[in-house]
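A.B. asks: As a plain string of letters, each chain reads:
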Amino acid sequence: MAAITAPLPGARVEQPKRLRVSDFLRWSVDHKIIGVQYMVTALFFFVVGGALAMLIRWELLTPSLDLMQDGQGYNQLFTIHATIMIFMWIIPMMAGFGNYLVPLMLGAKDMAFPWLNAFAFWLIPPAGFLMILGYFVGQAEAGWTAYPPLSTMFSGDGQTLWGMAVHLLGISSILGAINFIVTIKNMRPAGMGWFQMPLFVWAILATAIIQVMATPFLAGAVTLMLLDRVAGTAFFDPARGGDVLLWQNVFWFYSHPAVYIMVLPAFGMLSEILSVHSRKPVFGYRAIALSSMAIALVGFTVWAHHMFTSLTPELRIPFMITSMIIAVPTGIKVFSWLATIWGGKIHFTSAMLFALGFLSMFVIGGISGVMLGSVPFDIHVHDTYFVVSHLHFVLFGGSVFAIYAGIYHWWPKITGRMLDERLGVWHFIFTFPSFFLTFFPMHMLGLLGMPRRVAVYAPEFQALNVVVSISSFVLGISTFILLYNMVWSLRSGRKASANPWRALTLEWATSSPPPATNFYGDPVPFPDPYGYGTKEAYLYVEAQEKKYGPAEAPPERQIAPQPAAGD
Amino acid sequence: MSSINLTPQRSETKLVPSLSFIIVFVVVMVAGAFAFLSFMPLILPPEASTQAQEVDRIFGFMLFIGALVFMLVQGLLVVSVVRWRARPGDRGDGPPIHGNTTLEAVWTAIPAVIVTVIAIYSFTVWQNTRVIAFGEQSVGAIGARYAWTFNYTISQDDLPAGIDFNALKPEIQADLTDEDGVITFSATKLYTWVGQPVVVRMDAADVNHAFWIPAMRVKQDVLAGRTTEIRFTPTMAGSFRVVCAELCGAGHGNMAGELVTDPATGEQYLTGAWVIVYETEEEYLSQFFEPTATTNLLPPDDPVLVGRQILASGKYPCNTCHVLADLNWVGVVGPSLNGIGDRADERAAAGGDADATAYLIHSIRHPGDWLVPGFGNLMPQFNADSDQTNYMPDSDLNAIVAYLLAQTAAAQASAGSTTN
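Protein sequence lines, in the order shown, are assigned to chains A and B.
Following our numbering, the numbering of the first sequence begins with 1 at its first residue and continues without gaps.
Following our numbering, the numbering of the second sequence begins with 1001 at its first residue and continues without gaps.
Because the hints were derived from the structure by calculation, they are not lab data.
Check before you lean on any hint, since a few could be wrong.
Partial list, computed: chain B residues near chain A (C-beta under 10 angstroms) [to be verified]:
#1 Ile1065
#2 Asp1090
#3 Gly1092
#4 Pro1111
#5 Ala1167
#6 Leu1168
#7 Pro1170
#8 Ala1174
#9 Ala1224
#10 Glu1229
#11 Ala1402
Computed list of chain B residues with no C-beta within reach of chain A, every gap over 10 angstroms [unchecked claim]:
#12 Ser1080
#13 Arg1085
#14 Glu1136
#15 Asp1157
#16 Ile1172
#17 Gly1249
#18 His1252
#19 Glu1258
#20 Gly1266
#21 Pro1300
#22 Gly1352
#23 Asn1390
This one's a predicted model, so the numbers in the text were calculated from it and none came from an experiment.
We put the CB at the ideal spot given by N, CA and C, even for glycine.
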């Protein structure tokens, strides 16, 4: 263990500086500050997007238009709800986790391109500003998919701002992804080969590859849309030789892989959390790592399954086949996770509860996903509440539950304080059933004949809609338990030790929060990031506890990181 | 801490469940899957076409497999959290198992087989749902913001019995005897009969729409600049809602067929887009085709009656947004047309038009120029030029305006008293 404590040549060993709020409002190239900036911004937009969702559900309590002044107002609600949740909540939140954790997990001092990292983040606030500004000039009302000619001929000037905001977010996403790829390729410590990387890093790598390859297509599509809107071109105007399917193809060529941009990092977090909190190695490490890559690859060949009702009929079957294939690597992951917790020692921490919640709810999204892949069935439920249900099981039951789990798991590392576990359990108890009751009945609504994106619907659908709306209000309120827990923890939470969950990955091999240079000296990774149940792993954690204090720090005990032994 | 037990407390053989456990688990799993299947009739609309029967069969198949997977995963999760929960104070680890190649091969192969079977089954079902049948009834459809219009054609052979060809107006005669030999007429609903294969050829007047009949399980996007087709064969008589499934703007939800109850009489009637399926072809001809064809072939001379006929035919989608008691219109998005003949004069003054006729013409040709207070600029502009979308020839416009000017409170009262 001597290597752990050897100081870096020329590196100054420093105490972690106590960061102030103002440090997070400024330009900084420290990946940890940028990570927090991403996450706080994303959480802000989560609350905004959530409030819009509450308005949507309020409107849908009755079959007629009553809350909103007109149908346009309602269309603006769900357009901005979806755009915010996708582009300004889940994607930046995952980028935030990636930024904070990837260098730490690799034992690096920062990302490969710190300045670029900061630049990528600072594109997000102006994008959010543009998006919200749309409300004052005629907000976009063509849905987040912005199909022309509705988006080019009719939607208000906010649609132009929407396009500009999406452009900024796309650039941010590409720059961030390049940074991740270079960092992961070049900055792994000695002794960490590709197959010793934590699975979260694998997931971020797969995500970054998708982002770099797919996002330029979104930029291309949005550019054409903006030109049609402001420069009189006719890419999507059939009357002048344009084609409306051009948009759908290019848009989904990005937006289907974007689903994996949102869900692969969640898979990565899940592998970490399930293993640590059930004290058992990840089952089938290689299969999980490589299935992320398989998903990234096959994900580029399935886009037109979003177009089964508009695509040329002859092309529908090939896309059904690729869409079916992609279920296999996802299935591998689910079964590997089940095998991971099987036989372990499951600790019901808040992080673990949400991770298990992910596992049970994501499976429903996976099953409905395979159903939607079947052309004849999809033709019935395409553009209905069945799809709304499916995508929320994947993105809320999947990505958001993983984000919740990730927050409970890494919060001690990021802030140096523990969240209240009892509140975390209450958060789960409220969120899990209300999530299920919000989104599961939507399957039936869609099957019975309720299309999506409508403010008025047939009266026979009201009973189910009331159930959905009331559950969604509970779900919305349950978020505040987490937000309160965060504020409470920052003010009076128990101090966190370096490694409260006794995990083996490198982000825990430093103080909480880590110093500006991340580590005291060069960290040496444990050969197997999930080597639980071995004597070596036990001794490794023991040595760490000697250095930074025990995992279960008594509340009164201050944990001062020990200066490196070499001093 | 030295007391920690590094060797797993439970032997690894315990990780493999006993045979009796597996049997109980599988029985519960299969029973649960059948329980899911029993809900199927509750979550589907009536099965009103041959396509619906095919689609429901594959849905049932996938629901059963999906329910098995659901029960398997949730079952394993529940068993895990009960069986493998950490006892209080246990700081030990689970056994250091990193994988099992056989197991991993199994859970790669089985899902691969399942999705292959689903894909093949889906392909055969899909082929069956798009068979082009002999003797199809071909109907044209226009999707416009926010209404559907269905176009039927009449050729000389289709002329209803008892129509004297010589009594037809010269231009209609000319149309029927030229090369194509057909004229078209429009309706807001799609009419057909049981067992008749239908093909709908669809165009979009403005943005994309999607034509969906939930009871028939068929859907096809209606794309600007392209003509798309949809096929179904009804198996059951009745009225089935047509829904627009592709976001088309503020009134997207209003494009679906509605069942409206008249608050005064309690009478129920259908507005908007529906598929009306009659029991037999004879019923279809006598109830719909012949009366509608006759009124279209022999239009009255009185412009008020012509205007009423044009509006009642659904050629223009006015009924989706406006209220008009005479025609049973119940739209609420636009201003009421009841008694418009009384109000047109003052509106003309407010809107800067010379007289009531000019005001109504202006309001149809350029609806956005002056809005009735309290209403948004939602109405499409109806153009005089046949090259443009929403084409409304001057002859139609003048008849409609004549009819609207006749809509006065006095006329309504007398109409009411005569029917009572």
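A.B. asks: Hints first: check each against the structure and report whether it holds.
C.D. replies: Now the hints, each set against the structure:
1. Interface restraint check: Ile1065 (chain B) against chain A, minimum CB-CB distance 8 angstroms, threshold 10 angstroms, status holds.
2. Among the interface hints, the one on Asp1090 (chain B) holds; its C-beta lies about 6 angstroms from the nearest C-beta in chain A, closer than the 10 angstroms criterion.
3. Residue-level restraint check for Gly1092 (chain B) holds (minimum Cβ-Cβ distance to chain A is 6 angstroms; threshold 10 angstroms).
4. For Pro1111 (chain B), the shortest C-beta to C-beta distance to chain A is roughly 4 angstroms, which falls under 10 angstroms, so the interface hint holds.
5. For Ala1167 (chain B), the interface hint is violated, the least distance from its beta-carbon to any beta-carbon of chain A being 40 angstroms, above 10 angstroms.
6. At a threshold of 10 angstroms, the smallest CB-CB gap from Leu1168 (chain B) to chain A is about 35 angstroms, leaving the interface hint violated.
7. Restraint check, Pro1170 (chain B) versus chain A: the minimum CB separation of about 34 angstroms is more than 10 angstroms; hint violated.
8. The interface hint given for Ala1174 (chain B) is broken, as the beta carbon of that residue sits about 30 angstroms from the closest beta carbon of chain A, more than 10 angstroms.
9. Interface restraint check: Ala1224 (chain B) against chain A, minimum CB-CB distance 5 angstroms, threshold 10 angstroms, status holds.
10. For Glu1229 (chain B), the interface hint holds, since its Cβ comes within 10 angstroms of a Cβ in chain A; the closest pair sits about 9 angstroms apart.
11. Among the interface hints, the one on Ala1402 (chain B) is violated; its C-beta lies about 31 angstroms from the nearest C-beta in chain A, farther than the 10 angstroms criterion.
12. Listed as outside the interface, Ser1080 (chain B) is inconsistent with that label: its C-beta sits roughly 5 angstroms from the nearest C-beta of chain A, within the 10 angstroms cut-off.
13. Not every beta carbon of chain A lies more than 10 angstroms from that of Arg1085 (chain B), the smallest distance being close to 5 angstroms; the non-interface claim is violated.
14. With 10 angstroms as the threshold on Cβ separation, the claim that Glu1136 (chain B) sits away from chain A holds: the shortest Cβ distance comes to roughly 16 angstroms.
15. The claim that Asp1157 (chain B) is not at the interface with chain A holds, since no C-beta of that chain comes within 10 angstroms of its own (minimum 31 angstroms).
16. With a closest Cβ-Cβ approach of about 31 angstroms to chain A, Ile1172 (chain B) is found to remain outside the 10 angstroms limit, as its non-interface label requires.
17. With 10 angstroms as the threshold on Cβ separation, the claim that Gly1249 (chain B) sits away from chain A is violated: the shortest Cβ distance comes to roughly 6 angstroms.
18. At the 10 angstroms boundary, the C-beta of His1252 (chain B) falls inside the reach of chain A, the nearest C-beta of that chain being 6 angstroms off.
19. A cut-off of 10 angstroms between C-beta atoms contradicts the statement that Glu1258 (chain B) is not in contact with chain A; the least separation is 8 angstroms.
20. Annotated as non-interface, Gly1266 (chain B) keeps its C-beta farther than 10 angstroms from every C-beta of chain A; the closest such distance is 16 angstroms.
21. In this structure Pro1300 (chain B) is separated from chain A by more than 10 angstroms, as the shortest Cβ-Cβ distance comes to about 36 angstroms.
22. Under the 10 angstroms C-beta cut-off, the non-interface status given to Gly1352 (chain B) relative to chain A holds; the minimum distance is some 25 angstroms.
23. The beta carbon of Asn1390 (chain B) sits about 13 angstroms from the closest Cβ of chain A, which is more than 10 angstroms, so the claim that it is off the interface holds.
Violation of the numbered hints given earlier is confined to hints 5, 6, 7, 8, 11, 12, 13, 17, 18 and 19; the remaining hints are satisfied by the structure.
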